[in-house]
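S.K.: Full structure from sequences and hints, please.
Taken in sequence, the protein lines are chains A and B. Each residue of the first sequence is one higher than the last, beginning at 1 in our numbering. Each residue of the second sequence is one higher than the last, beginning at 1 in our numbering.
Hints were generated in silico from the structure; no laboratory data involved. Computed from a predicted structure; not experimentally measured.
Listed below are several chain A residues computed to face chain B (Cβ distance under 7 Å; list not exhaustive): (1) LYS41; (2) GLY42; (3) PRO44; (4) TYR45; (5) LYS48; (6) MET49; (7) ILE52; (8) TYR151; (9) TYR210; (10) GLU213; (11) PRO214; (12) ASN222; (13) PHE233.
Glycine included, each C-beta is placed from N, C-alpha and C at the ideal position.
Read off the chains here:
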Amino acid sequence: MASLDDLKKRITSVKSTQKITKAMKMVAAAKLKRAQDSAEKGRPYSEKMNNIILNLSSGISDKETAPKLLSGSGKEQVHLCVVLTSDRGLCGGFNANIIKKAKSYFVKLNKEGKELKIITVGSKGNDQLKRVYGNKIIENISFKNSKNANYFDAEKVGKIIIEKFQKEEFDICTIFYNQFKNVITQIPQAQQIIPLNTNGDDQNNSEDNYEFEPDEDEILSNLLPKNISTQIFKAMLENSASEQGARMSAMDNATRNAGEMVDKLTIEYNRSRQAAITKELIEIISGAESL
Amino acid sequence: MSDEFKIEIVNPEKTFLSKEDVIEVILPAFEGEMGILKNHISIISFLKPGIITVQAKSGEEKYYVEDGIVEFKNNNLSILTSFILNLKKIEKNKLHELLKIAEEESKKIEISDESKYLIDQKIETLKSIN
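M.R.: In structure tokens, the structure reads:
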């Protein structure tokens, strides 16, 4: 059995850990509120963007001349996977979930004999993926310096992706991120952004006749690159809300566990203190008896 | 009969402006200025750098935009833009800063004619605000 001093030290150490996790939980809760807010406020933009593109693409009759960002390069050989993770740890299964989703996709691609290229956004994803897929990672982007997810960062990522697409470095692009459902549930998502998936429910839109100025093709070729950035921005917003949510619940659990541990240790401490007293008493009594 | 329609200006971060009593909107569309009144035909277009003028019952407001997409449908005007500023609230320093960046960019040789055109538009607009 550990000595009284050791037990005392452990109790204080667990208590101070508990203080840290409690503080982290509080910080995460405050940040979550903000991240959730901006995720909700950012939704109209991406929804509208999507709508316009759906309207436009349903108006395009000749798929062959459609911009490549919409119709794809005609091949499916090289896949680019953009894995969005956080830059900081201690957020429960947040990063692990995205990585797991991404890895299972990589394995599937491998089986099909496709070529794989990876871009990681956020350092945690890079740390975990470089062990196995180090040679596949072609770029690692990190926004450690920006406090919140902002559009300019998303645009940077978007530009890199489009540049690579124009150089024909890949055929299909998929992004991985966590969708924020609520504080305890985040759903890892895989979303294909190039070529764009337009098989959504566009029935109600197809009746409208739009006037285009300039013509559809030109608008589309201007719009599609923007849409990529928008989708990435949306993913980043969802991700940051998810990250804070995951951190909050992880820290809440940690605080609770620390509390349980303190209780357990305190009981053990009291018991051994009692045992020491009893032992001393016995020694005194038996000493007195022997006289 | 009222001749008002709805406008919604959205940027990636939030809904920037939403009004229901708009009478006329003048947009810097890519192929020239465009005025939109109620019952305009459904249209999709995109913007070049310039000034959006929103005339509403509650007053006239002007905004500076750098790019954007416009959709008008069923008397709903949606403008998606990644960079927008209210001219009333704009600060002089900020304007100078934007102008400086734009001028520097226009000096680069390797830019395409199209982006050159856009930047020139931007400089012109910014100068006209000053």
